[in-house]
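Let the hints inform the model, and build the full structure from the sequences given.
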Amino acid sequence: MRRLILRRLLQLPLILFVVYTITFTLAWLIPGNPMEKPEGRRPLPEIMQAMLEQYHLDSYWGFYVDYLGKASGVSWAIGAHDQPFDLGPSLQHENRSVNEILAAGLPVSMTLGFSAVLIALLIGLVTGVIGGVKPGSFSDAASLLVAMIGISLPSFVIGTVLLVVFTVWLKWLPVGGWGSLATLILPAITLALPIAAYIARLTRFGMIEQMQADYVRTARAKGLSERQVIWKHALKNAFLPVLSYLGPAAAMAMTGSFVVEKVFAVPGVGTHFVEAVLSKDLTLIMGVTLSYAAMLVLFNLVVDVLYRWIDPRIQQA
Amino acid sequence: MKLTLPLLVLLSLVAISIALDDTPPRADLVIANRSDIFTLDPQRMSYLKDFNMAYALYEGLVRWNNDDFTIQPAAADSLPRVSTDGRTYTFHLRGDARWSNGDPVLASDFAYAWMRAMLPDTAADYSSLFFMIEGARDLFDWRAQATRAHAMRVFESPEERDAAAQALWRQTLDRFDSTVGVSVVDDRTLRITLDRPVAYALDLFCFPVFYPVHQPAVEGWMTDGRLDARRAMYDEPPPFGDRRFVSLNPATARLEQKHDWQRPGRIVCNGPYVLDAWRYKRDLRLVRNEHFHSPDIVASDSVVVLTIEDTNTAVLAFESGGIDWLTDVNAEYQADMLAQRRAYEARYASELERLQAGGATLDEAIGQLPPPGDGERRNIHAFPSFGTDFYSFNCRPTLGDGRVNPFATPAVRRAFAQSVDKRAIVEQITRLGEPVIDSFIPIGSIPGYDSPEGLPFDIAQARGELRQAGWEDRDADGLIENEAGEPFPVIDLLYTTGSPRYKWISLELKSQWERALGVRIELRAKETKFYKEDLKEGKFMIARGRWYGDYGDPTTFLDLFRTGNGNNDRGYSNPAVDAMLDRAESELDSGRRLEALQACEQYLFEVELPLVPVCQLLQIYMYEPGEVTGISGHPRLAQYLWRIGRVEHAGSSAR
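Note that the protein sequences, when read in sequence, are chains L and W. Heads up, the first sequence is in my numbering, so the first residue is 69 and it goes up one at a time. Heads up, the second sequence is in my numbering, so the first residue is 66 and it goes up one at a time.
Hints are computed from structural coordinates only; laboratory data are not their basis. What you are looking at is a predicted structure, and each value in this text was computed from that prediction instead of being measured. Among the hints, erroneous ones may be present.
One side only, chain W facing chain L, incomplete, derived with CB under 7 Å [claimed, not checked]:
#	residue
1	PRO185
2	LYS346
3	LEU381
4	ASP647
5	ARG648
Straight-line alpha carbon distances no greater than 30 Å define the calculated DSS-like cross-link-like pairs of lysine-lysine that follow [as the list claims (entries may be wrong)]:
#	chain 1	residue 1	chain 2	residue 2
6	L	LYS138	W	LYS591
7	L	LYS105	L	LYS202
8	L	LYS105	L	LYS138
9	W	LYS591	L	LYS239
These stretches of chain L come out as covered by chain W in the derived footprint (C-beta under 8 Å, 3 or more residues) [said to hold, decoys possible]:
#	stretch
10	96–104
11	236–244
We treat Cβ as the ideally placed atom computed from N, Cα and C, and that holds for glycine.
See below:
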């Protein structure tokens, strides 16, 4: 186990370097000038030139090396820069550094993502078990239908419907924003539904398989109640595929969703990435991509560790 | 199950993160913008929503009355003394003007702010507005050239390079003091000498880029390694090592400025409010500036500015009562909301007329009417703004790919301009009923200026123009050809994705032009970045565009047509127009000057048509009339947050 963790952590910088190089090259190729504002005046050409030079935007390698040094902390380590892991100032929002934007947005997106994953687990496991225990029954069909709706309805539809029902008609919850449990509920549910649907399907298939296994028959034969058979024995094994899905799902949920954040006015990082690409905000693109990549690697590591902990069979493999 | 522990950890993390996020109580006034404030640095501003923050946080020498745009003293104690040649303005500052840290507002604060704007180092979008001041253009050019020369020079040692950059900076300061027409006569007297008499100089002094900033705060002056912006702490400006937010880059000799001074607790303001909190893409909170000289004019003690990007969410948030003023309504159903408003006004037309005849404003009058019924609404407000929506013609002799450009001929442009049924566009396509416009400057936005007529909608006339230019349908195939029998090139019409508005208008224009003139048009939709590239390189034949004016003078629109202007996307160049603008510039008498500019606009929009104006742009607000007061409906739409207040009265909550 320790070797696994160590190996993955050593791989992390390498992965980030590759992600950095590819993303940077692609982002550099986006046409347009990142210092230009979407609407409004164009500054004098001399000024534009000076800005491009100041941010090293006049040369691919200049920017590549300078940014790599600052973002990786190497420049700081050799004393050329006053701050480690400096992802630079945002080119479009000159008042904010990328570190600051991520520091403000990531906790929000992560809280939302955590909550969504919890809700998804709850909904997904319950519907999956209900369906999987009696395949072909009415309750199975109902749970499949729910899963189907969850997967196929886009978030902006679910989100808008929830908004209209719970905030405008019933007036139970605030419309948008962030900062209290009430503002978390609707976006978390919206974000959770597609994940829940996927978990429900995985659980259902797992349960169908496990319910026919020998150990289930044994458990029944020794007189355990059906509830104990399902929840204590069968689900434990049926859960394993769900667990391996949880790594990427959690990373996806926690790095923010553009649609959900926009519909519910949640100040997370999900909207930043899309806007950064549209406005060619190189530093923000790099900052968001690198933190996504890091999170994905780390969550997969967490899942692998959990996996080994829950299922001792893996350890031997 | 083994997973209980991780689940509990997750749950508690969620709980902790929510508990840590504090939400302050509702402010006296809550407004919502569609995007975050870009900057609070007045010299770097260029967005309307940022300007509205500048009016709240800073105070210039003078300010507009934002209902009629007459000019009143603000930080100055009276309007300036202007010399007889119209070139020298002498301002005297009021004695009780103070910064939010208690420092007095001095004439040198203005000089410092203006110098920032004049230096290429600051990268101010509006540097060119300062070039009316004597010596400013020279300072800008000299500094740009000198820093370039520095960057090319080879130095013996880093120390030598550093010293040269420092010396260049000192030289820049001396040059500003000795050659630029901004002189600090004493602490409270500022004398400005212009390059030439500028009729709208006073109007420009009201513009936020001319507002003062507090040097120690902006530069992050430090004593003993700690930020301290109080001026009394310093006998002279500390060395660059003790200024946290500015540095001299030894390689380029440029002054590099960080923006971290615009944070709560650091920013120092001289306006009615100070910044209390600013969270990226969330909210910004203003509270009263305790040191402001006229607290009586401030209507609300605290203001929160929210950012809600999704237009539908913003409307829902307004409807549920969390917001007093929604500054930019752009929901897909806004046309339906405006129709509901018209229905409401139509039902009470006679009462409204009676109340307004009695002296009430439209908002006050509506506030006294019964609440709207089903299918009616009174909380949406559409104001014509200081901007024009238009389609540009590429006026260059050849197109981006080297072909001959048919739109280089004014007659062709006139034909296209005259065959647009603008009324159909605003009534059936946008359905917002914007004021259609045949000239360029929004009508009625500049006091004392009469807009020319422009070319009216007239298809017969348009076809005649085309025939004279050699284009007519010679082989009866419904398409026009020139004398050589070559068909009119397929027109490449460029518009932007992102808002459905321009897709629909472009489609309508295509069908109108194809029907009226016998041409073929291909639509090309591009994302904004690509679109701007294409505009710059002249890769279009017709392209959508819009322009908002900055200051109260026709030149803020007409300068777009000067040869080589940075925003002249059309590549339009006509020595006659340049000469007309120059002549107006040198005209001292303001009446004759406006006449000269009117003649220029008339020539541009009755003969030359570098673009076809479609309509005046609207700014659509939501607020409860009678309940929220102080919002200006003047086209220039400068909104003073300190004027805006909420009046609570019984029975007013019905929406």
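Cross-check of the supplied hints:
With its C-beta approaching chain L no nearer than about 5 Å, PRO185 of chain W sits inside the 7 Å limit, and its interface hint holds. Hint status for LYS346 of chain W: holds, given a least beta-carbon distance of 5 Å to chain L, under 7 Å. Given the 7 Å rule on beta carbons, the hint for LEU381 of chain W holds: about 5 Å separates it from the nearest Cβ of chain L. Annotation: ASP647 of chain W was flagged as interfacial toward chain L, and the flag is violated, the nearest CB pair being 20 Å apart, outside 7 Å.
The beta carbon of ARG648 of chain W is not positioned within 7 Å of any beta carbon in chain L (closest approach about 25 Å), and the interface hint is therefore violated. A C-alpha spacing of about 34 Å is found between LYS138 of chain L and LYS591 of chain W, which places the hinted pair above 30 Å, so the restraint is violated. At roughly 59 Å between alpha-carbon atoms, LYS105 of chain L and LYS202 of chain L are farther apart than 30 Å, so this suggested pair is violated. For the hint pairing LYS105 of chain L with LYS138 of chain L, the CA-to-CA distance comes to about 25 Å; that is within 30 Å, so the pair holds.
This hinted pair does not check out: LYS591 of chain W and LYS239 of chain L have alpha carbons roughly 40 Å apart, beyond 30 Å. A count of 4 residues in the stretch 96–104 of chain L with a Cβ less than 8 Å from any Cβ of chain W is obtained; the coverage claim is therefore met, three being the minimum. By the rule of at least three residues with a Cβ nearer than 8 Å to a Cβ of chain W, the coverage given for the stretch 236–244 of chain L holds, with 5 such residues.
Violated hints, listed in ascending order, are 4, 5, 6, 7, 9; each of the other numbered hints is respected by the structure.
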